[in-house]
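Protein chains in written order, with my numbering: chain A, 1 to 349; chain B, 350 to 919; chain C, 920 to 1273.
In case anyone wonders, no lab produced these hints; they're calculated from the structure.
One or more of the hints may lead you astray.
As the list claims (entries may be wrong) - Part of the chain A face toward chain B, derived, beta carbon under 8 Å:
(1) Gly97
(2) Gln101
(3) Gly214
(4) Glu218
As the list claims (entries may be wrong) - Derived CB-CB ranges, DEER-like:
(5) A/Glu304 with B/Ser827: 28 to 36 Å
(6) B/Ser491 with C/Gln1079: 54 to 62 Å
(7) A/Leu307 with B/Val369: 28 to 36 Å
(8) A/Pro35 with B/Lys362: 48 to 56 Å
(9) B/Val677 with C/Gln1079: 32 to 40 Å
(10) A/Pro35 with B/Ile715: 21 to 29 Å
(11) A/Gly160 with B/Gln384: 40 to 48 Å
(12) B/Ile715 with C/Gly1112: 49 to 57 Å
(13) B/Asn391 with C/Leu1068: 54 to 62 Å
(14) C/Gln970 with B/Val677: 36 to 44 Å
(15) B/Arg699 with C/Gln1079: 40 to 48 Å
(16) C/Gln1036 with B/Ile612: 50 to 58 Å
(17) A/Asp19 with B/Val677: 57 to 65 Å
Yeah, the Cβ is synthetic: ideal placement off N, Cα and C, and Gly gets one too.
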Amino acid sequence: MLTIEHIQKNYEGKPLLKDVSFQVDEDETVCLLGPSGSGKSTLLRIIAGLEDAEGGEVAWNGVSLADIPAHQRQFGLMFQDYALFPHRNVAENIAFGLRMQNRSQEQIRREVQKALQTINMADFANRKVTELSGGEQQRVALARALAPEPRLLMLDEPLGALDRTLREQLSRELRRILHQTKVPAIYVTHDQEEAFAIADRLLLLHDGVILQSGKPQEIYYHPHNRWVAEFFGLGNLVPGEVIGHTPLKVNTALGHIQPACEGKTPDLGQKVSLLFRPTQACQSQADCPNQVTGRVMDRVFQGENYLVSLHIHDQLPPFTVNLPDPPALGNELTVSYQPEDVLCLRNGA
Amino acid sequence: MNMKSILLIWRQKPTLRAIVFWLLPAAFLGFFFYQPLLVLFNLLISPRWGFNLAELDLNRIWKPLWFTTGQAALSTLLTMLIGLPGAWLFARFTFPGKRALKMLTTLPFILPTVVVAAGFNALLGPRGWVNLGLMSMFNLSSPPIQFLNTFGAILTAHVFYNTTIIIRVVSNAWAQQNIRLQHAAKVLGATPWQTFREVTLPLLRPSILASVLLVFLFNFTSFGVVLMLGGPQFATLEVEIYTQALHLLNLPVASVLSILQLICTLLITITHNKLAGQQSMVITPRSQVLGTRRPKKGFERFVVILLVITLFSLLISPLAALALRSVVKLEPSRGERGEISQGLTLQFYRELGVNRRDSLFYVPPIAAARNSFIFALITILITISLGLLVAYGLQQPSHINKILDPLLMLPLGASAITLGLGFVIVFNRPPFSNISFPVLLPIAHSLVALPFIVRTLTPALGSIPRSLRNAARALGASPLRTWREVDLPLLSPAIIVSTIFALTISLGEFGASTFLAKPAYPTLPVAIYRYISQPGAMNYGQALAMSTLLMLVCASGIFIIERIQSDDKE
Amino acid sequence: MLRKQIRKPILAVSAFLLLTLMMSACAPKQAPSLTVMTHDSFAVSESLIAQFETEHGVTINFVRGGDTGSALNQAILTREAPLADVFYGVDNTFLTRALEEDIFEPYESPHLALIPQEFQIDPTFRALPVDYGDVCINYDKAFFTANNLTVPNSLEALTQPEYAGMLVTENPATSSPGLAFLIATIAHFGEDGYLDYWSALSNNGLVVVSDWETAYYTNFSGSTGQGAQPMVVSYGSSPAAEVIFAEVELEEAPTASIIGPNTCYRQIEFVGILKGTPNRELAEAFVDFMLDVPFQEDIPMQMFVFPVNQEADLPQAFIDHTQVPEQPATLSPDLIEQHREGWIQDWIATVLDR
């Protein structure tokens, strides 16, 4: 079990990681999510022992790794640009970690063969890595990282450089392989769809701290604050100010709205953001306290329904909702939200 | 034929492409190098000169050949031992004074041997600072270190001269190496040593081999160092050529030795190419800044400090001794012959500016510096443009490269004396003799510098991934535009190194300069010799002052060149 | 971008250079010109040459061909199409080679009348003497005074134990003063005896270096380099140069020459008109100019050798600080040409390969 506690790291004099703590259990694939520049890769390098933190501790099964150099940690790391050795062929790349463990020639041959089969590249053993396509390189890099049977695997944006179809195919394959090998993994990405597809658990890194952690659906339904909802693209976010309790009432550009709130109720006068998920809108109902009215700007057919953009106010971005039938362009349209479907989110941490 | 079909042929015929790229460089080499040499050899080994190959005493050849090879191998090995850690230092770490140190390590390369000998003497000679210090410290009656005229002096001087080649060529490749490859090896369980042996070293192989070849050839044709620091007990082929040609006037024997030396150069180059193979690595170029960092506390910091001290004491202290001597007044033990006066003085520098004897051949220092600079500039222009063409030619998968590449390296193995005589015979007539400006001088410098430039540019060019060019083409860039937008920026670190090589080779070259510099355009090294070949403290002091001036000219040249690079980065 | 940074200056510089080249290449030839080929040590006062140029309406181009051997090689190699009209700088060690190769035209200058017979070695008047200098052993005066040693006054004395390790000389294979000193010992001890002498010198701690610069500035204790040997094979004029080129004004030279019998070898330098010159008349005028008193009087301070013209006065520094040997060693140039290589080989076998 990997434990990360209070990791701190500065980059060019500015704090990059302020206080990062989390843990990774056996058999668990954890996705580390965060925008670019949030320090995800740096955190991986610190865990791998390639870089030193300025504070905090990395421990494995309760034992600090502070004095264990990178090559003795038995962690696998797959790089964003794969970092395949250009002077060695595919088989030699995969064999590298095994050779470092002083395995026998025979054993290495067998393991490499097995690994090549796992990634469906059995015929590629003697190919130059510089001649491989992006997807092939990605799979070789994965096989190379897995071959020495690391006790933890870290993947740094492993699908970042690939096109969309390849990405979907490979992320399925990745999940299969990770489950097959049962190795605990930290998967770094900035793409939430990829994270939802792979992760048992998500860690959201923002502003140098883990802002929220939990199962994908937990985060999806219960975003911690405005930033999380925005990062995951959960829906329309409308700023407002709390003007009444019981029931909670928020003054916004849409008028007075009654939202639901999780945890501590915000104080009167506090600035908050309201999340309106496009899928939770219903056709206008007279008894609903939350009515949103705007002019139809655009409607995009999405198979099951239509994604409709409404112009409400010049200061607000288009408000989007999913509707079963397309409204006429340019018409006024009103949709309603039940109080429990409008989430009141704090703006800060 | 329309444009399209020309392009098609161009794409399908690598040999044609190679020939097109080689056209200009090959013509240059053929006209300015092979022509004069062939004319000279043809003239000398003709019966008219009464030369008979059978009369040649083979012992006169084997002994120097054996010694030449041995000392070159040993010197190269020692140079690697200092240069590779030096390259590592500059490629991987940032520390205060790094740029200055890197520039200073380049300066030995340009200094004339006479001056270097003086520098070593000031430091390690029988009355040098080190010996004097040891004598007073341990109460010795005679100097404990016998340095001058020993084999050790030859080796030390070769290390002194050539370490910069290894540092410049290898550290450039090292800094561009993707640091993640080493990280990958580490997390796969490789110890630091295994990482170095299995990943870093193999990837550095092309540039290491290239720099070894250059250093070996430089040592192989070493002349001044062997003559002046090694003393009369040691003779390389080049020294033997010098003796035969200029002191015994045995030009046929000298030319046979020259031919032998050229053959050796050819064999060495071919061996190198066999070893290096087609191993240029495609590596995604990276910013150099990413891989460098401050050394960690403890062992790493200790090693870095040790390296800095080693480089400083080996490469820079003789220079410092020289520069210091050029501003120091009479030393006390000589004082009894005159008024005792100690302290600092600028009189040597002041005296440089005075033509005290109304001499026709007086050299104003500023003029000499200006001439040296102009020659260096022309050399840079010639070698960078020809070097780029050659590098692209070598990039084409064609068999003609196997033949042309070694022929390019031969100027490094040509004796300055024979080449100089060849130049005089072939070119010292119209149109060249009508031009008062000595055009032949930068051309001769270019011949020597070109192999350096090509060896620096070729690995860099080979490491540019084809995909980047394709990407640029796909984005609608014309071939020329692609070259400017992709190749040129990625090559710029190698071009900077090449430019520095061209600058230093041209500034420091002396052998050909004595033949080709016209009296109206003396270079700094020529002026230095003019002073030091006469007795008298003032002459000696002025020679050292002129040498310091040469170092300053070189340092400012490097500063300007590196400035262009750092502007580029921003 | 690198491109933008670099392009403008490069263009400007290229244009400038091209222009310079074109201008110098196309410069109209106003005056006839005379080309004089010399070695690197040649020097002359600017005003003298300017005067000659105006008097004869001619421009003089000097071509400097490296050291004596190198310049002579160039003259010989380009004999079919000479690079110059006049060649100055062949000395008596190489004279016979130059005459054998037949690179000069005879010219009996009227100024020869003022030059002593002993300098006029070539009876065919192809090579005319210009100057002479002695290769002598210089010694460090202060050292001998401080150690209460008498200065050796003969070649033989140098093998005595009290002078052990005190002499530095140059390899005759790579240095012309080294060769000159070797010839002096041959002149003195004969072809049969000189090698024994050299082994005795070697046994007495003789130091050999490759070149004059190292011997004088690194090994010699009397120079500013302050080496370990108080005696060096250098030139008779070196003590005067030490005074003229001193850092502080000196009353007396710090060094002096040993001028015993045959301790010095006399080098004479010659000028000749190169065969096939189209400017014979001007060439003759220039040779006359070199032998005439003004140029001859300019010689000592420019080249640190002595004029052969008896009417030329010596500068005071030379009178005060140089010793001229009464009996300098000389050897026939023919003999030197015939044996030079063999002597050097035997010398190397005796001194270096021990």
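Do the hints match the structure? See the list:
Hint status for A/Gly97: holds, given a least beta-carbon distance of 4 Å to chain B, under 8 Å. Annotation: A/Gln101 was flagged as interfacial toward chain B, and the flag holds, the nearest CB pair being 6 Å apart, inside 8 Å. Interface hint status for A/Gly214: violated, as the beta-carbon distance to the closest one in chain B is roughly 28 Å, over 8 Å. Of the supplied interface hints, the one on A/Glu218 is violated, with its beta-carbon coming no nearer than about 31 Å to a beta-carbon of chain B, more than 8 Å.
With their beta carbons about 48 Å apart, A/Glu304 and B/Ser827 fall outside the hinted range of 28 to 36 Å. Separation of B/Ser491 from C/Gln1079 is about 21 Å and departs from the stated range, judged on CB atoms against 54 to 62 Å. Distance hint check for A/Leu307 and B/Val369: the Cβ-Cβ separation is about 57 Å, which falls outside the suggested range of 28 to 36 Å. Distance hint check: the CB atoms of A/Pro35 and B/Lys362 are about 50 Å apart, consistent with the given range 48 to 56 Å.
Taking the beta carbon of each, B/Val677 and C/Gln1079 are about 37 Å apart, inside 32 to 40 Å as hinted. Our hint of 21 to 29 Å for A/Pro35 and B/Ile715 is violated, since their Cβ atoms are close to 59 Å apart. For the pair A/Gly160 and B/Gln384, the beta carbons lie near 57 Å from each other, so the given range of 40 to 48 Å is not met. Between B/Ile715 and C/Gly1112, the C-beta spacing of about 55 Å keeps the proposed range 49 to 57 Å intact.
Taking the beta carbon of each, B/Asn391 and C/Leu1068 are about 58 Å apart, inside 54 to 62 Å as hinted. Checked against the given bound of 36 to 44 Å, the beta carbons of C/Gln970 and B/Val677, roughly 41 Å apart, stay inside it. Hint check: B/Arg699 to C/Gln1079, Cβ distance near 45 Å, so the stated range 40 to 48 Å holds. Hint check: C/Gln1036 to B/Ile612, Cβ distance near 52 Å, so the stated range 50 to 58 Å holds.
Our hint of 57 to 65 Å for A/Asp19 and B/Val677 holds, since their Cβ atoms are close to 60 Å apart.
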